[in-house]
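2 protein chains.
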Amino acid sequence: MKRNAKVSTAVIRRLPRYYRQLSELQETGVVRISSGALGKSMGLTASQIRQDLFCFGEFGQQGYGYKVDSLKEEIGEILGISRGHTLIVLGTGNLGRAIIQNFRFSANGFALLAAFDVDPVVVGSRIAGVPVRHVNGLEDFIAAHRVDVGLLTVPMAAAQQMGDRLMDAGVKGIWNFTNYELVCARPDVVLESVHFSDSLLTLSYLISQREDMEENP
Amino acid sequence: MKRNAKVSTAVIRRLPRYYRQLSELQETGVVRISSGALGKSMGLTASQIRQDLFCFGEFGQQGYGYKVDSLKEEIGEILGISRGHTLIVLGTGNLGRAIIQNFRFSANGFALLAAFDVDPVVVGSRIAGVPVRHVNGLEDFIAAHRVDVGLLTVPMAAAQQMGDRLMDAGVKGIWNFTNYELVCARPDVVLESVHFSDSLLTLSYLISQREDMEENP
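Protein chains in written order, with the working numbering: chain A, 221 to 437; chain B, 221 to 437.
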């Protein structure tokens with residue numbers, strides 16, 4: 221597998237979709253798929269698929285297509301799924317709780333080590349088996365365990381402060397669900413934000429386009 | 221404002237980010253901004269900003285930059301924020317509850333009309349003022365009100381069935397949080413999915429790249 225530092229953000233963002241699609245194909249028993257069929261299932265052209273994958277090496281065979289299991293495995297490698305990354309959750313409100321209970325961390329190659337909160341009602345308890353600790357012990361915990369990613373679901377007012385503490389304590393990445401635009405001054409920390417509003421506004425735009433077309437066909 | 225049917229998905233996906241960034245600039249009292257400064261705050265080049273906005277018309281003035289409030293307003297128009305779109309939530313588990321309680325629907329131009337569930341414990345109650353109805357009444361409710369979007373947070377096993385009911389009942393869009401890849405056979409319905417795993421795997425990829433660089437600088 222070749223590594224290419226110049227891979228575009230758009231291609232990087234498609235990699236998890238390939239992985240997801242291939243996982244679903246594997247579950248439904250598909251063994252081999254052409255780039256055309258794989259593309260069609262993802263709303264991409266065959267040539268886009270080939271170009272994307274070519275950024276990372278040679279996959280598939282002309283006229284034969286891709287073997288679903290080995291392509292899934294290789295993309296999983298590229299995504300770092302087998303690296304044993306670890307994660308902690310900061311904030312156990314409804315959203316934090318929903319993610320802890322329902323998100324399949326292990327299917328994405330992450331071990332969820334602990335959750336942190338300030339509320340004495342939850343500190344000391346477990347959510348879906350995950351221990352909830354007081355945030356006072358955050359730095360000690362990160363120093364004692366290898367924590368790669370901190371997931372932020374704290375209130376917006378606490379977002380930057382908790383983000384700074386995670387960065388200072390040495391995490392490699394922050395997965396930000398706070399809707400707050402974190403300032404990340406450290407080039408060695410990766411910041412990935414989930415902005416629900418960006419998604420809803422995209423939907424709003426696409427609906428509005430349809431409305432205009434219906435009014436002026 | 222011109223409408224251009226050929227605007228690329230990448231540009232469309234950046235529009236909500238512009239809107240969010242301009243909202244934050246407005247809140248901090250910035251009146252006017254150059255394309256260079258706006259780009260820098262978003263990790264884009266000045267020319268990319270100009271190209272993106274040119275898809276929708278003429279904004280800003282050479283050597284003067286953009287007026288923050290009017291650009292925000294125009295992008296809001298493009299996104300359909302002032303169209304009075306409406307939304308219902310299907311599923312009031314932890315995630316549904318978190319979104320109902322915390323997401324600022326009105327700031328994104330949506331009115332949240334009702335939530336639906338099957339659990340007799342929550343049906344008839346209110347979450348953050350939003351009435352929870354039984355899902356048996358879904359079609360009647362959609363017929364009686366103008367419902368533009370259905371937000372899905374039901375269990376994966378129920379996702380396709382509830383998605384089909386929403387489409388058959390005539391919604392224009394589905395905002396899918398179920399992690400299930402919905403099949404949407406209707407070209408008139410817009411499907412927008414929030415896949416947490418795509419976001420975490422992107423983060424995993426970027427962290428893995430950093431790890432490799434640290435090992436082989």
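Everything labelled a hint here was simulated from the structure, so no lab data went into it. Please note that the accuracy of each hint is not assured.
Given that identical chains are not distinguished, each listed pair holds provided it fits within a single copy or across any two copies.
Said to hold, decoys possible - Okay, derived cross-link-like pairs now, EDC-like style, lysine to aspartate or glutamate, Cα gap no bigger than 20 Å in a straight line:
no., residue 1, residue 2
1, K260, D408
2, K260, E297
3, K226, E278
4, K226, E244
5, K287, E359
6, K287, D388
Hints breached by this structure = 2, 4, 5 and 6
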